[in-house]
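Peer 1: Here is what each chain is made of, one letter per residue.
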Amino acid sequence: MVTPPLTRRHFCATLALSALAPRAFAEAPPLRLGLTPVFLDDQASFLEAWRIYLTERLQRPVVFVQRGSYREIVELLTQDRIEAAWLCGFPFVKNERRLRLLAVPLFQGKPLYRSYLIVPAGDTRTESLLDLRGKVFAYSDPDSNSGFLYTQHALSQVGERSERFFARTFFTWAHRKVVEAVAVELAQGGAVDGYVWETLKRFYPLVTARTRVLEQSPEFGFPPFVTRVSLPEAEFAALRQVLVAMGGDSEGRELLSQLNLDGFVPGERALFDGIAQMAGRVEKRP
Amino acid sequence: MRYFVRDLSLRYKIPLRVLSLASITAILVTASILFRVYDETRNDLLRHAQSMGRVLANTLVGPLTHDDAWRAFEIINSPFQSEEADRSELAETILVLDGKGQVYVSTRPAQFPMLSDPVRLDPEFAAIREATAGRDGHNPVATAQPGSSRLFVGIPIVSDGARLGTLVMTYTKGPFIPRFIGIAQRAALMTLLALAVLLPIAWYWGNRMAGPLVRLAGCMDQIGPRVPEGLHCDLFESNDEIGRAGASFKRMLKELVEKARLEQEILVTERLAAVGRLSAGIAHEINNPLGGMLNAINTFKRHGSNDPRTLKTLSLLERGLSQIKDTVAALLVEARLESRHPLSRHDIEDTRTLVAAEAAGKGIGLVWDNHIATGLPLPSTLVRQILLNLLLNAIRAAEKQVECQVYRDSRSLTLAVKNDGAHIPDEDMPYLFEPFSRLSRNGHGLGLWITYQITRQLNGGILVESDPGQTRFAVTLPLPEEPCTT
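In the order they appear, the protein sequences are chains Z and W. The opening residue of the first sequence carries number 1 in our numbering; numbering runs sequentially from there. The opening residue of the second sequence carries number 1 in our numbering; numbering runs sequentially from there.
Just to be clear, a hint being listed does not mean it is correct.
[What the hints assert, rightly or not] Simulated crosslink set (DMTMM-like; lysine to aspartate or glutamate; CA at most 25 Å straight-line):
#1 Lys-201(Z) to Asp-262(Z)
#2 Lys-201(Z) to Asp-42(Z)
#3 Lys-135(Z) to Glu-241(W)
#4 Lys-135(Z) to Asp-98(W)
#5 Lys-418(W) to Asp-467(W)
#6 Lys-94(Z) to Glu-283(Z)
#7 Lys-135(Z) to Asp-122(W)
#8 Lys-418(W) to Asp-326(W)
#9 Lys-13(W) to Asp-234(W)
#10 Lys-418(W) to Glu-434(W)
#11 Lys-135(Z) to Asp-117(W)
#12 Lys-362(W) to Asp-467(W)
#13 Lys-418(W) to Glu-349(W)
#14 Lys-254(W) to Glu-241(W)
#15 Lys-94(Z) to Glu-268(Z)
#16 Lys-284(Z) to Asp-273(Z)
#17 Lys-100(W) to Glu-75(Z)
#18 Lys-135(Z) to Asp-68(W)
#19 Lys-201(Z) to Glu-48(Z)
#20 Lys-13(W) to Asp-240(W)
#21 Lys-201(Z) to Asp-41(Z)
#22 Lys-135(Z) to Asp-67(W)
#23 Lys-201(Z) to Asp-122(W)
#24 Lys-13(W) to Glu-358(W)
[Unchecked claim] In silico negatives: residues of chain W with every beta carbon more than 10 Å from chain Z:
#25 Arg-36
#26 Tyr-38
#27 Val-105
#28 Pro-109
#29 Met-114
#30 Gly-161
#31 Arg-208
In short, the hints are calculated from the structure, not lab data. Ideal Cβ placement from N, Cα and C applies to all residues, glycine included.
With the rest of the complex left out, here is chain W (with noise of 0.2 Å):
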């Protein structure tokens, strides 16, 4: 049971929490108007039963002084005698005691006969006796045992200062009860009205409260150690707590995508960094021996022997060592190796003639949207050479259309290049760049390698988009801070 309130959706526990809260109101203020219609009772029926004692107490000194024990019951009983008084504020049972503490007469002579003592047959008369025994005057005195359902109202009887006997009421309590019971019943059917009032509303109001955390709770409870796809949250947008932490969960969200997305990318530079520092020292450690070994085959045919087998032997030689020194460069990309002659349009529209011809020959369409007007201060060749490497990939790629657009803001130029050809699967992607690319259908795998380097010498990066149907290559090169010129 604890854990079922505990684990009940707030959506049901606020409607529950708000008609608790109504009950218990309900209940504190019907008991204090119970309280307070006890004290105002019973005060009613001090004031009544003193100043009707007070009258009785008066017409007894007659009878007790000429000892005429039958009209002083008659003169107790007269309260009695009326028909139509209110039974509630009516004595129980009247006694006069005489001097000496016994009945004189009562209203229930069968249970209190003459000249018995009170106190013997109904201990609770002890304490109305005592309290009035040492007075004097004519002051009603009550007293009510702790427990009792009895009040009793003590009244000297005195004539001329001498003490001639006491007046005693007794009164229960029991008339109070059926008044209560209609208070409460009164009490408990308006608190089961306002219940019933509050209920929709408290429902409604639970659902409003409840709903965008419900959704919160929902959203966050599919989160796992990764964020899934297409995650989508229909989250309350308010300045309130709950509007608040709905869009500090959605920041979040997107800090854990792109922190993903982050981590992935430096996973595929790091590989890409030491791939690139592997190849770069085994090319440069090539390429020491092997200018020595191109430049004894040079020596050797100007100076050597004109033996025609060995010259062909020699020649045989010098291509294998001139192949190896082209692969060895294709690895070693060195921007700082290049002319920083500023990128103009023409260079892009060069880059076109060059591959119009071969997308020409395959009948693929070439889109071609160059947006460069004026020079920008990036070295030409290598801008080229990125534009071309993309431009034959694509051409290579695509099926019927390759589409080239080249446009710059005030920071970065862009290179993109889209074809429509078979588009490259998810998990291929960490591989794309590396050198000698199983990827690679045709060619020697370089391609994107290079391309790659020489991207990140430049700063720049690379966005690759693939789609069925649509694959989008975009190079994103810094211009550098220094104005340009022309």
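Looking at chain Z on its own, in the form it has when it is part of the complex (with noise of 0.2 Å):
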């Protein structure tokens, strides 16, 4: 790819004319909307329309935060310095105090999703967890649920405990690289968001032809878009509104299939009960 060269006064415009288009709402204060790699977050394009689709739909500023790891998007929204953020379930029942459930995606035509485990497509004899036993095994993160925390549970319902039973982790801070990870044979195995392998699926099939899904997990409440508590009412409302409606639009529905969901449902607190559950056990194995 080749970009013709940015000379300064290019750049000042190219700057001032992005700042001018939402001239309207340019005053308003920018809502911080907080992104992890619960879903393909490195598609530059995509969120630059998605952001000014949000921006129209809300008549304020929308400022993406993307930050390496959930912990510190959870961070940002703790300490208010975002408005809200797509996050896990797992971080948001463990921070439950403080964040407030926004929206739940529909994938599939369900708020729900599972964790796979998957090892390089080449490797034909492993049948369960069981046989990844002294291997590599890649994780996403540590505050993921389908990427850590379920394997977690499944190995501490064998009596096993993670850094025991393999020989080695590591994380690779998003889903996808997990299946890069499995499907380079990095790792011989790995945990990973059934949603995202399932869109990699769709749009990669190349990276996932060369992985196999050994085992899916129960289904579990989608990752959630929450905010924070200290969000005004006003603000809360627009922002799900928005959400909600965008199965409604056709602008909203191209964004959603490039997203691979079906859209965008208020959700409930039970919907991540499995997830609560699981954290607790983990937390309490011996």
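Dock chain to chain to rebuild the complex, using the hints, since each chain is given by itself in its own frame.
Peer 2: As structure tokens, this is what we get:
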């Protein structure tokens, strides 16, 4: 990809234009929305289109804030440095008192998803998680449900602990990269968000073809949008309205289709009971 | 094959040698270029590897400190992500070894999984792990196993003096090979072009050089024990070695012919000398009793009886003995008996008068060419006898004409007589001057013998040239040193 050289004047003009575009609501304080790798958060052009969509619908500037780990986004939220975030269910239930459930995406028509246990496609002998004893295993994030917590829980069910069971584990800090790590056989197994794996399969089938789904977890509440508790009710309602209405217009449906989602629903806290129970059991394991 | 090459003509050997020399030169030049390219490629690769390795090693400090294997993998994998990268300068494998020398991460996890021992998977890693083991600095180390097709570059990953691990990059020499093949192909093409240009030049040059030698060799091959008649050698003339060899050969050839002629002449001369000695000895032995017998007859005629029958018998004896005496005298040619009155033009002209009648009688034309104007210090009687003998022989042999030339130069007098009669066959030549020659069809066969003896005694020589239609006798007599008077 060759980009024309960007002179300083050009650069300033570009900045000015993008600042002026939503002229009418330029004065309003921006809505800062934290994003985590619970979805394919590395598609810059899609993110920009989505940001513009939200800006127009909300009638206020929207800024996406991306960080390398869930924990950083949670910190930003609890320190009131961002208004809302798309988080995993696990950090949500952990920090429930300081967060408020905004909306839950609909994946394959339901606000639910699964954790996938994947192995390299070349590995045809491994039949279950227990066959991976003494191997190298990839997690996505220590605060991820599907990419960490579920596996911890599954191991604790058979009286094992990850650090003893596997020879070595590492975090890739993104579900997509867990798939890649398993695809190149850097890890002999990995725990990944089923939604991310399916979306990759849809858009980048070559990567998922190099992995094999060994086990699928029961369904859990889909990674939700949450806000800080201090967010004014009006702003909360406006944001929820825009998200839920996305499935109602063609532009929104186009964006949803790129997200491989069907829409958003307000959602209920009960969706995440399963995750909360698992978290409790894992914490209390011997 | 060996004999074929050895026996090949220089005409082909020289161009072949030129071409093989050109090919050898081309091969040597190409080989030195290839060596140079190999060195440069290797150095380029090492430089590139070391600069990239330093960057990677520095970047890896963070992930290693935080034990972030995925980040480390992404870092070492980043050079492989670029689509446009020159693949020939790209490492084959990059490994990060931890403090224990185990694989921390590698760009080929399937081949070098995490926590594995690289040396057990690939023994060639032992050398580089050894080489980097004791090092604390950031300086890269490169190793190459003899016979291996790979280069290893190792860079310690050091943070604040603490050794965190080692970055190891392996490079194959594989990408060198297409480059070498390309260069070799171009060199081969250029060599073929050069040879195509050189071939006609070498051919021409070989012919120029070998031509004179080939001609000389061809000429020499014709020489057997004898030099053949009419041998013609067209040899190259120059001052170089070939030209000199040709000139020497020509000189040698001339000397060979001359030697053969001299040998023949000596043979004839010696035989004639032997015959001369024999006949002179016999003549002397006969002469003495002969003189006595003639004296006795004389005395008897003067003082003896006058019986007519006895006188008649004695006279018969006397005539017989006289004839013997004449014949013996003819055999005993002795120049010293002759008076030494010098030769004049008139002596020659007198001889013409003597033979003119005989020639006219036989209807033979006599062409006379006398160049002698002044007197010469030669015995006139002997010279006249030689000329007379030659002329009488010539008139006898001639068909229509006899030609006589008498001339002199500063050292000699030449008497040359030519006739147009039947020629003398080559095989008869050696016997021409023998006494009582069987070749003499009329006369007693002593004419040429006498001529030869006189000539020898005057230290002269006789040259006979006889071809069909013309026979020439030339007698050359050396002039004595003392100045002559009239």
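Peer 1: Hint by hint, note whether the structure agrees.
Peer 2: Here is how each hint holds up against the structure:
no., hint, result
1, Lys-201(Z) to Asp-262(Z), "holds, 17 Å"
2, Lys-201(Z) to Asp-42(Z), "holds, 16 Å"
3, Lys-135(Z) to Glu-241(W), "violated, 89 Å"
4, Lys-135(Z) to Asp-98(W), "holds, 18 Å"
5, Lys-418(W) to Asp-467(W), "holds, 11 Å"
6, Lys-94(Z) to Glu-283(Z), "holds, 11 Å"
7, Lys-135(Z) to Asp-122(W), "holds, 21 Å"
8, Lys-418(W) to Asp-326(W), "violated, 30 Å"
9, Lys-13(W) to Asp-234(W), "holds, 23 Å"
10, Lys-418(W) to Glu-434(W), "holds, 21 Å"
11, Lys-135(Z) to Asp-117(W), "holds, 15 Å"
12, Lys-362(W) to Asp-467(W), "holds, 23 Å"
13, Lys-418(W) to Glu-349(W), "holds, 17 Å"
14, Lys-254(W) to Glu-241(W), "holds, 20 Å"
15, Lys-94(Z) to Glu-268(Z), "holds, 16 Å"
16, Lys-284(Z) to Asp-273(Z), "holds, 17 Å"
17, Lys-100(W) to Glu-75(Z), "violated, 37 Å"
18, Lys-135(Z) to Asp-68(W), "holds, 17 Å"
19, Lys-201(Z) to Glu-48(Z), "holds, 23 Å"
20, Lys-13(W) to Asp-240(W), "holds, 20 Å"
21, Lys-201(Z) to Asp-41(Z), "holds, 16 Å"
22, Lys-135(Z) to Asp-67(W), "holds, 17 Å"
23, Lys-201(Z) to Asp-122(W), "violated, 35 Å"
24, Lys-13(W) to Glu-358(W), "violated, 72 Å"
25, Arg-36, "holds, 36 Å"
26, Tyr-38, "holds, 33 Å"
27, Val-105, "violated, 7 Å"
28, Pro-109, "violated, 4 Å"
29, Met-114, "violated, 5 Å"
30, Gly-161, "holds, 26 Å"
31, Arg-208, "holds, 64 Å"
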